[in-house]
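Enquirer: Here's the letter readout for the chains.
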Amino acid sequence: MALSLMEGNEAIARGAVAAGCRFFAGYPITPATTILSHMLALLPPLGGVCIQGEDEIASIGFCLGASMAGMKAMTATSGPGISLYSEQISFAIGSEIPIVIVDIQRLGPSTGSATRGADGDIQFLQWGSSGGLPVIVLAPADVEDCFSLTVRAFNLAEQYRCPVFLASNKEIAMTRASVDPDCLKAPEVVDRAAPAPEQNFMPFQINAGERVPAFLPIGGRTLVRQTSSTHGPDGYITTDPAEITRQLARMQTKITAAADQLGIVAHHPSAAADTLVVTYGVTSRAALSAARAMKASGTPVSLLVLKTLWPVPEAAIRQAASNVRRVLVVEMNRGQYVREVERILPGKAVHFCGQMDGRLIAPETIREAVLHG
Amino acid sequence: MDSLLNAARPPVFCPGCSHERITHTLDKAFQAMDLSGERIAMVSDIGCSGLFDTFFNTHALHGLHGRALTYAAGLKLARPELTVVITMGDGGQGIGGAHFLAACRRNLDMTLLVLNNFNFGMTGGQYSATTPPDAEVGSGFLNRLERPLDVCSVARAAGAPYVVRCSAYRSDIADVIRKAIEFKGFSVVDIWGICPGRFSKRNRLTPKAIEEMLSRLTPFEGEVAENQRREFGEHYRELAAAQKTIPAPAAIVAQFDPVNTARQEVILLGSAGQRVITAGEILCLAGLHAGLNATQKNDYDITVLRGPSISEMILSPQTIDYTGIGRPTVVVAIGPEGVARRKKMFAGLDETCAVIQAAGVDIPACRARIHRVDLKAQGFKGTDWALATLGVMSQLGLVVRPQMLEAAVAARLRGESMIGALEIVRRVKTG
Chain B
1 MALSLMEGNE
11 AIARGAVAAG
21 CRFFAGYPIT
31 PATTILSHML
41 ALLPPLGGVC
51 IQGEDEIASI
61 GFCLGASMAG
71 MKAMTATSGP
81 GISLYSEQIS
91 FAIGSEIPIV
101 IVDIQRLGPS
111 TGSATRGADG
121 DIQFLQWGSS
131 GGLPVIVLAP
141 ADVEDCFSLT
151 VRAFNLAEQY
161 RCPVFLASNK
171 EIAMTRASVD
181 PDCLKAPEVV
191 DRAAPAPEQN
201 FMPFQINAGE
211 RVPAFLPIGG
221 RTLVRQTSST
231 HGPDGYITTD
241 PAEITRQLAR
251 MQTKITAAAD
261 QLGIVAHHPS
271 AAADTLVVTY
281 GVTSRAALSA
291 ARAMKASGTP
301 VSLLVLKTLW
311 PVPEAAIRQA
321 ASNVRRVLVV
331 EMNRGQYVRE
341 VERILPGKAV
351 HFCGQMDGRL
361 IAPETIREAV
371 LHG
Chain Z
1001 MDSLLNAARP
1011 PVFCPGCSHE
1021 RITHTLDKAF
1031 QAMDLSGERI
1041 AMVSDIGCSG
1051 LFDTFFNTHA
1061 LHGLHGRALT
1071 YAAGLKLARP
1081 ELTVVITMGD
1091 GGQGIGGAHF
1101 LAACRRNLDM
1111 TLLVLNNFNF
1121 GMTGGQYSAT
1131 TPPDAEVGSG
1141 FLNRLERPLD
1151 VCSVARAAGA
1161 PYVVRCSAYR
1171 SDIADVIRKA
1181 IEFKGFSVVD
1191 IWGICPGRFS
1201 KRNRLTPKAI
1211 EEMLSRLTPF
1221 EGEVAENQRR
1231 EFGEHYRELA
1241 AAQKTIPAPA
1251 AIVAQFDPVN
1261 TARQEVILLG
1271 SAGQRVITAG
1281 EILCLAGLHA
1291 GLNATQKNDY
1301 DITVLRGPSI
1311 SEMILSPQTI
1321 DYTGIGRPTV
1331 VVAIGPEGVA
1341 RRKKMFAGLD
1351 ETCAVIQAAG
1361 VDIPACRARI
1371 HRVDLKAQGF
1381 KGTDWALATL
1391 GVMSQLGLVV
1401 RPQMLEAAVA
1411 ARLRGESMIG
1421 ALEIVRRVKT
1431 G
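Chains as they are written, first to last, in our numbering: chain B, 1 to 373; chain Z, 1001 to 1431.
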C-alpha cells in the first residue's frame, strides 16, 4: 500500500474538484487560507475560477452568483468570516442556492486564536442566520473525511438546493497526515436536477411528490429569476400568508424529513458498556483511542461518532443510547451539541466533557470523564 | 428589437419618481442594442433601485443590500457572454462601498447604474452617502456632519475605466446608458434623480436644479483615460489557461523496515528560519518510506521570520487517532524560542526519551537521555540545523534509518537542494 502526506485543507480542495466544483472564492484567514491556495492551484488549469474576494461578504456573494449561473461553488473561512457570511447564508437558504461553505473552526469568540483549534461554531452554523430554517452540517474527523464529506456536501447541496457546511477544525485542517490515495477517489457525483423539457418553467415550482424545485441557470435560454425576497413559485414577491407558509414549510421539511437519510454516524457499541460517548470531529479520534484502551483494561465504553451534525441524526442517537445508563457528550467547546443530545434523550443521564483552551482533548481526559465524571 | 419591459409587472414607483424614467430609458437602450432578454442579467439589491429586476423580461438576481456587485461578479465570471446590468441606489454605495471600490479595481465587463436620489427612500428618507449636508432628511441633523461621497471621483480613483455622471432628465440618457453597456469593462453611470416620496417633499429639487448642481462638479462623460486596461475576465482566463496542473502528492510505497513498531513521537523545538517545518515533513516522509502512518502539526507565530518554530510528528504502524504529543520519543532542541514555548514539557520527560540538544541552546533540567551536538562547530548554517538533527537521529537509530531519511529527502527536494540536503544528513556527526 502506498501513502501520501496531506493536510485536511488540501483534501477538502481535492474533494471539491472531484465533486465537480469549478468556482471558489475566499478571503485569506487562518486556518482556512490553505483551501484558497490549493483551489488556486487546482481550478485554473481545469478552466475553473478561483477568486480572492475583497472580503468574506463578497467571496460568498461571488459564489452565490456563480452557483445561480450553474456552477458548483465553494467558499471557506473561519469564525470571524463565517460571521460575515451570515446574511448571504440566509439568502442561500431562503432562495435555495446550492453552495458548500467550509468553516475551519478556530478558538473563539471573535478573532480569538487564529492558530488554535476548537469546535465553537456548532450551534452558530445551524442558527447563525436570519429566519431559522434548517441547514446541513457535516463534520470531518480526519483527512479521508475531509475528502469524502466534501464530495458528499456538494452532492447534498445539489440534491437539496441548500447551503451545506463542513465544520472542520484547525487540528484537522492544518495537520498533515498520511493517507491512502485510494481513499481519495471520487464516489458518485450528483448534479442539480433540471426541469422536464416540456415543463413551463417557474424557478420555485414544485412537482407533485417533490420538495426541491428544479434548477435552470441564469444565463440559459429560459429566463430565470432569483430573489432574496419572500417569493412564490414564480420568483416574484408574495405577501400571501398561505403561499408563504407553503414555501417555508417545504424548505423546512425538505431537510428535516430527510434527517435519517442525511445522518452519517459511526457506532462502536460495546455490549458491557455503561456509558455511551457521543462526539464528532477531531475529538472523535481521541475518543476512539480512549475506547480501545478502556476495552483493553476491562472497562469498555460505547462510542457514537457523528459525521452529520445538522439535521440532528436523532434516530441514530436514540438507538445508540438505548442500552446504556448514561451518555457522555465530548466536545471542543463549552457545551453546544450536548443541548441537542439532552433534547432528544429526556430522562436519560446526559453528561458533558468539554475543553476549549487551544489544546486537543486527550484520550486520558475522556477516559477520566467516563470513569469518574 | 421589442421592448423588454414586463407587461405583467409595470413600474410601481411614486408619481414623478425619476426611477420610472430610467426604467423606460434602460429599455430603450436594450432595444437599441438589439438585445434579447436571455442575454441580459439584471442584478439588484435593496431599496427602490431593487425593484428594477422585476420590470424586465430578462434574467434577474435580486439580493442583499449593497451586495449586488458581488453576485454580478460571480455571474459574469461564470457566464462571460451575459450582459450584466446592476442597479444600486446611493444607499447601496454606502453599505457596499468595499464592493464598489473592488469592482472599479477589478474591471469586469459589467455596468453599474447608480440611481442616485440622495436619500433612503424606502425607509423614510434617511441620509445616505450622497446626501448634501444642507438637505432636510429623515436623520435629523446627522447629514450636516458628513461630507457627501463623490461617486464618480471615487470610481476614477479606484480605477473604473468608464464613468459618467448625468441627470436622469438628460435628453440623450438612453444613449448614455447604451454606450456604458457597450463599453468593454466596468462602467459606472451615476444618475442623479428626484425622489418625490421623500427627498423633494422637504427639499426643493428640480431637473434644472440638478443640472446646475452637476455643472459645478467635475464632468465625467465616459472613458477615463488613465484607467484603460484589459477586462478582468478575459485577462483572468488567459492567465488561468497558462497555469500548470499541480500533481497529487506523491504516493510513497514502503521500501524499508521501520526502526520501531510502537508509536513514536518527535518534537522539533526551533526558531524561525531553521526550516523546522520542512524537516518535520521530511521526517514524516521518511516514516512513509517504512510503511508507517505519520502526522505533523506545526506551531509558529504569525510574524514568520521571528519567534518559535515547532513541529510535532507522530509515526506509527497503527492509525494515528490522537495527534497530541504524550510521551515523546525524541525532543530536538535547536532554538531557544521553541524551547521556551514548551519549557513545561521537560519536567515530564524520562529516560525513555532522547533529547538532541544543539550546543548553545539551554534546556530545563530533565531526566531524558541528552545527546549534545555542536552544529555550529561542524560548520552548519542555522537554516540547516533542523535537517542536520534528522541526520543525527538516523545515525543514532532513533525513529528513522539513514536509508529512510535519504529517500525522504529525495522525495521532498529537487536538484541542488536535494544534493545539499543529502550531504548534510550524511556529514553531520552525532557528538
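Quick caveat, the hints were computed from the structure, so don't treat them as lab data.
It is possible that some hints are incorrect.
[To be verified] Derived coverage of chain Z by chain B (criterion: at least 3 residues anywhere in the stretch with Cβ under 8 Å from a Cβ of chain B; other residues may be distant): (1) 1074-1081; (2) 1277-1286.
[Unchecked claim] Here chain B is said to cover these stretches of chain Z; the calculated rule only asks that three of the stretch's residues, wherever they fall, bring their Cβ under 8 Å from a Cβ of chain B: (3) 1097-1109; (4) 1289-1298.
On a predicted model such as this, the values are computed, not experimentally measured, just so you know.
We treat Cβ as the ideally placed atom computed from N, Cα and C, and that holds for glycine.
Enquirer: Each hint needs a verdict: does it hold in this structure or not?
Expert: So, going through the hints one by one against the coordinates:
{"no.": "1", "hint": "1074-1081", "result": "holds (count 7)"}
{"no.": "2", "hint": "1277-1286", "result": "holds (count 3)"}
{"no.": "3", "hint": "1097-1109", "result": "holds (count 4)"}
{"no.": "4", "hint": "1289-1298", "result": "holds (count 8)"}
In summary, the structure agrees with every hint in the numbered list given earlier.
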